[in-house]
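Peer 1: Spelled out, the chains give:
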Amino acid sequence: MLLLGYESQLRELNAYSEKLTREYNEKVELQEVLEKARRFFMTDTPRLAVSRLGGGGALKAGSLLASGDDEARGLDLDMRFSSITGVVSTEEKVRFERMIFRATRGNCYVRFAPIKQPITDPESGALVEKCVFIVFFKSLSIETKLKKICDAFFAHRYSLPDMDDAPAVDRMLTENAQELVDSRTVLLKNQDTRFRLCQMLAQHTERWTWIVLREKATYHTLNMFKADVAGMLRGEGWVISESFDDVRSSVNRAHSDMDSNMPSHVDQVPKPWPTPPTHFCTNKFTYGYQEFVNTYGIPRYREANPALFTAATFPFLFGVMYGDIGHGLFLFFAGLYLLWNEEANDKRKLDEMTAGLHSGRYMIVMMGFFAVYAGFVYNDCFSLGLNLFGTRWAFNSDSPEEGEVAEMTGSFGETVYPFGLDPMWHVASNELLFFNSFKMKLSVIFGISQMFMGTCLRGINAIYFGQRLDFFFEFLPMVAFACSLFVYMVVLIFMKWSINWNSRMLSATCLDPNGAGWGSADYDGTWATCNGAGYGCTPWGYVCNGKDSLADKCPLDYGGSGDGCQPPNLITSLINIALAPGNVDEPMYAGQAGIQGILLAVAGLSVPVLLGAKPYFMSKEMASHATHSHGDDDEEDHEEHSFGEIVIHQAIETIEFVLGMVSNTASYLRLWALSLAHSELATVFWEKAMLSTLNINWFATFIGYGIFAGTTFGVLLMMDVLECFLHALRLHWVEFQNKFFKADGIRFSPYSFKQILTDASA
Amino acid sequence: MEYISLIVNEDAAHDTLADLGKLSAIQFTDLNPDLTPFQRRYVSFVRRCDELERKLRFFGNECDNFGLNLETAGDIENFLESNVSILSGRTGSGLSAGGGGKGTSGTQLLENLEVELEGKN
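Protein chains in written order, with our numbering: chain A, 1 to 762; chain B, 1001 to 1121.
If a hint is listed, it holds; no wrong ones were tucked in.
Covered stretches of chain A, going by a simulated chain B footprint (3 or more residues, C-beta under 8 angstroms):
1. 219-232
2. 237-243
3. 747-753
Hints are computed from structural coordinates only; laboratory data are not their basis. Virtual Cβ for every residue (Gly too), placed ideally from N, Cα, C.
Next comes chain A alone, as it looks inside the complex:
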């Protein structure tokens, strides 16, 4: 640690350099002043002399400042003016001039001449433009004023020899020039030395900084130790269980190096321990997700870590929102590029933006991958459908007109598009209707699955911590509530998807037995024989009379007006579970009304259990505890207080969960909304920028492509990625994590040189 001498040396050199620079500057300035003054006197003095004789007429052309007073001065007898010369910075010139004019009430004559070379400011080292000035004046009081002004403007004054004495001036010039050369060499030498010193320092400074930081950290930590016994220090701390042996051996090694007879001890402190900090070993892949979770809150010690689930669901939900093959591929390759440069980026110092992208590189790859996957499911590539496997719909004519109906090439269930949605939907007039219905249902399904998983994690936490009350009276009612209403909704969605509504609806339609539709393959059952007349029969043989209701015509007997033959409006049916219990208008299966009644009862029962059971059992426990211990009044007061707190806490928890299930489910609809926004934006850009210009001419197409590429990059690849990212993040932080995540842990911040040095160099 002998940097001390080194530092003082550099400081000395610096001070010396400052002094030298100042001296040098003075020499330079003086030289300039002398030269300028000489030139001035050589060229202007004759004119002045003339002006003296001619009543100052010549001065009128000389200077505006001087022109005011030359009348008064014209007939002055003594024309020997005193003068002050000096140097002032060019920036200040105008103000300086004005100041002089005001202070002397115009009774002086100022001339400026710029110095061509800028002069280094000795203190800051910056280059400053300066100029020489010369002021002529008469009285002594003006002289003191001028000197003050000069000082105020940091203008150096230089006294001149008598200008009439030309040899003296010349002598001074040459002398000064000689000194100038000398001081210049000294200055250069000094600069050279300083440069070499700095060059050497530059090689080592960082290394030394690291050493110093390391020592500092060591002593900081030693400050936390306590000296119980003389010569020994005691420290306490948290160790990762796996590293316990390493710690022990490294302590022993350090002691054996010392050849010391004094033994060292590394022991577990007897319990109870304070709250342990939370530490997760992360790898390159999970690091980013763990940081997500930590940003929200550090997991409580030993609590289920949401980062693990986030690692899988985050990119997936992003993909659901971003779903597009083309844009997804860009993102995917951007991520791959980051992976490709992984090692180089690890070593380099990156700016904040790039460093963020670098730490999220695996996330970006995954997000890109799932965006492509979801794009294939939506069959959406830059808003266009890809006909990869051959569409299962066909138009009757080769060049279909607007409004023509496409026919399925196979019957229901026989052949479907192998993966994703049929590209034909992209040209259908009900495209939006179809995609919205599909994506909305998809988002509800994903949302409820994720929230249900979060609720299950709460149960797992309760089991792990052995909290019986939490498990039986918090987790189970929650599951019951979620299952009876929300998982049931998912079941209904799947059920509606898997029922052949074509056949069911046909079965409740009156057909003419001699018509073309009779005997169609759309009907799953066998066609009955019809002996009705006029109004025809339904496929199962019911004879229509023209006034029969849907329930009469439907062969299924599920009740309600639909009777099972009418595809239900899911939203209405779900709302009616609560609003009109025991009554299902358009059922999908037999006994739906009864089952929904039971489910509603389960949900209704689970709420009071959730609200009341845990506080009740806790108060009972406390009461028995109190009778055992016979605590004094203070303790009872405290318990009363805490019981009230428990009730309030539980009420909040219940309300949050029950309302949260509803509002969070709605919140997951953002999956649909963002996906819709993405595909609509892509459609608009494609149609307006590309399609509309393709038909004009090549130049319009050229411009159009530019617009298309620009908007696609700026809006979809930048803004939309960010937007989907933030919404996916929100879904995890709010909708998923509030089901189980306590997030009140303390982060494990080990005593680590590596961390300290990384922080310092960042």
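Given chain A's structure and the hints, the job is docking chain B onto it.
Peer 2: Quick look at chain B alone, frame taken from chain A:
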């Protein structure tokens, strides 16, 4: 996580902690929370380190003025590994090796340079 207590010899404390710092597996709790930073045992050392840090920052600024980039000291992990030798070099063999080469310890290099520079001025 395990909560441990660590009792070390005062003389060996520094080396022990230098080792533990490389391990990055332990988080010490402050056993003297009632003491202000200035009342602590190793205050003078910390202050010296602060002083040195300030000087190094000054060096950095000076180098900036000359437009010199600070050379990186390489990888942090390598640095932590290799530094054992410098520490032991300082406590052990001292001033045996001469010259301003890279092999010598940092402090020694400093001394040499100091002598050199003084000779020049």
